[in-house]
Amino acid sequence: MIRDITIGRYFPGNSLLHRLDPRMKTLVVFAMIIMLFLCKNFYSLGLMALVIFILSLISKVPLKMLLKSLKPLIFIVIFTAVLNIFYTQGGQELFKFWIFKVSDKGIYTAVFMATRIILLVTVSSLLTYTTTPTSLTDALEKLMSPLKVFKIEVHTIAMMMTLALRFIPTLIEEIDRIMNAQKARGADWESGSLISRAKALIPILVPLFISSFRRAYELAFAMECRCYTGGQGRTRMKQMKMRFPDFSTAAFALLLFSAIILLNLNFVGVI
Amino acid sequence: MPIISTSGLTHVYGENTPFKVAAINDISIEIGKGEFVGIIGHTGSGKSTLIQHLNGILKPSAGKVFLEGKDIWENKKSVRQARFKVGLCFQYPEYQLFEESVYKDIAFGPKNMGLSEKEIDKRVVQAAEYVGLAASLLEKSPFDLSGGEKRRAAIAGVMAMQPAVLILDEPTAGLDPRGRDKILNLIKDYRESTGSTVVLVSHSMEDVAKYVQRVLVVRNSRLEMQGSIKDIYSKGELLKDMGLDVPQITKVFEILQGKGLDVRGDIFTLEEGFNELLKFFGKEVSV
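Chains as they are written, first to last, in my numbering: chain A, 1 to 271; chain B, 1 to 287.
With the rest of the complex left out, here is chain A:
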C-alpha cells in the first residue's frame, strides 16, 4: 500500500532523457508547465499531449509506472472535472436535472481541465523518473544560485531538499515496519468510523516521529564528524556540463512555445 507512492521515485535507465543535463531538464519541464497553462484550446493542448507522449516513449519508463504516478491524483482530476461540468456558464444546454445544468461548454472545459492536470503530472513525473534526486537538487541549487544576491541560503535549501528526498524511502520503510509491528498486535485502521480510524494512526505516528528525531540527530552528528560546515567553499565531484543535446532541447522548447502561441491565435473561440 504505502510502497505505491511514486512521487520523487527514480527509474534507472540510460535514455536520452536520462542523460540530459539536469539543469536543462528542470528548466524545460518548468517551461512546459507554463506552456500547459498557456494552452487555450484543444489544438495546442493536443500538441503538448503528443510531445509529452513521445517524451515518455523516449524515456523508456514503462507506461505502467507513469500511470501509477497518476493514481493518487485520480480524485483531484475527477473532482475538477465534475466541478467544471456544473459551474461553466453559457454554451448550449445538453440536459438538466434539479438545479444542475449541463452544457456542451461545461463538458468541454471539464475534459480540457482533466487533460491538463494529467499532462502536468506526467511531465513532472518524467523529470523525477529520469533524474536522480541528488542531481535534481544539484541542478536546483545551480539554478537558484542567483538568489544568493538576496541573502537567500541556496545551498542550505538544496541540502535540505536532498536530505528530505533521501529519507523518503527510509521513512516509507520505517512506516511499513511500524505498521506491521502494530498490525501484529491487532491494530486495525481499515475498519470502523472515521474518528476511530484517525485514532488508530497514533500508534504509527508517535513511533515515527520519535525515530525521525533520532535519525535527524544522528545524521547531524555524522555530518559534523565529516566536517560539514555548510556550502561555503564547497566544490563538486561531478561537474555539470551542457552539451549539444541540451542545446537542442532548449531550441526544441522554444519551437514548441512558438507553436503553442500560434495554435492559440489561430483557433481562438474554440473554448
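Any given hint could turn out to be false.
Label pairs and their in silico Cβ distance ranges [what the hints assert, rightly or not]:
1. E100/B to G233/A: 37 to 43 Å
2. A62/B to K238/A: 42 to 48 Å
3. K20/B to G233/A: 42 to 48 Å
4. A216/A to T43/B: 47 to 53 Å
5. E15/B to S196/A: 51 to 57 Å
6. D241/B to K64/A: 23 to 29 Å
7. A62/B to F79/A: 38 to 44 Å
8. S196/A to S146/B: 32 to 38 Å
Worth flagging that the hints you see were computed from the coordinates, not collected in a lab. Glycine is no exception: its CB is placed at the ideal position from the N, C-alpha and C atoms.
Fit chain B to the given chain A structure using the hints.
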C-alpha cells in the same frame, strides 16, 4: 498435527517493477505444538519475510500457510485470528512503543482483542512479570525506560496477547551479552511456564544452540536444511560457507580434539563443554 505449517511458500517483492526479488522461495515447514524452534540464516536470507507470513502480515505470492490445519487466508476473520494466535515480535521491537505509560502499551494488544478490562489487567500484570519489569515501571512513560527495559516492555506487549505461538525476530539484536542472556532466559522461562510454541529467529548460532530443540536454516530465500542442533552443526563447513559460524566453544573443542585429546567434538554450549572437561579430568559431572 503441527500447529503451523507452510507449503510451497513464496513471496516476491516489487512484482512488475525492475526491482523484483523473490524474498522466499518454495518454503515448506512444519512446527509442532510446544516446540522451541530456531530459524537461522544470514542477513537478507529471507528469514524475516518467512516469519511475517506465519501470522498473516504478508500475503504469500504463492503457497499456503496453515494454522492448526486451517488456511489462514481463507477469509478476513481467519487472518485476524492468526494475528492473535501467532504473536510476532519484530526486530528492535522497542521502536513500536507509543503509549503514555508502559501499562497502556502492553495493554494495546489485549485491548485490540476485545477483552474485558479485568482480563486485560490480569494479562498486563502477568506479561510484565514474565519479562521481569517491576510493577513501579508500569506507570512510567515507555520513553523513560532504559534500552533493555524498553525491549522487554515491547516483548511483554506481544506476550500479553497470550499467543499459542510466539515468534521473536532477533530479540537480542544490539544488546550486550548480559542483556542478551536475560532476554533469552526469560523467553525460555516463558515457554516453560506457558507451554506455548516459540520460534526464535537469529543469526547468532550461540543463541540458538543453547535454547532450541530444532533448527531451520534459511539460505538464499530457500530452506537449506532442518534438524536437531547436532545435525546442523555437524555440517560445520556448510555453515561457514553460508557466512554463519559454529559456536566458539565448538571450535575450542574441535581444536582440542585436533591436538589428540580425548574429548568430544560435538560440544555446542558452555555447559556441555564444562561437563566434558570435568569428565576429561576425571572429576564428578555436575548436573
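The hints, checked one at a time:
At roughly 48 Å, the beta-carbon separation of E100/B and G233/A lies outside the given 37 to 43 Å, and the hint is violated. Restraint check, A62/B to K238/A: a C-beta distance of roughly 43 Å satisfies the suggested window 42 to 48 Å. At about 44 Å, the CB distance of K20/B to G233/A agrees with the hint of 42 to 48 Å. The hinted range of 47 to 53 Å is not satisfied by A216/A and T43/B, whose Cβ atoms lie roughly 26 Å apart.
Hint check: E15/B to S196/A, Cβ distance near 33 Å, so the stated range 51 to 57 Å is violated. A hinted range of 23 to 29 Å is violated for the C-beta pair D241/B and K64/A, which are about 40 Å apart. One distance hint, 38 to 44 Å for the beta-carbon pair A62/B and F79/A, holds here, with the actual separation near 39 Å. Between S196/A and S146/B the beta carbons are some 34 Å apart, a value that agrees with the proposed interval 32 to 38 Å.
Hints 1, 4, 5, 6, counting from the list given before, are not met by this structure.
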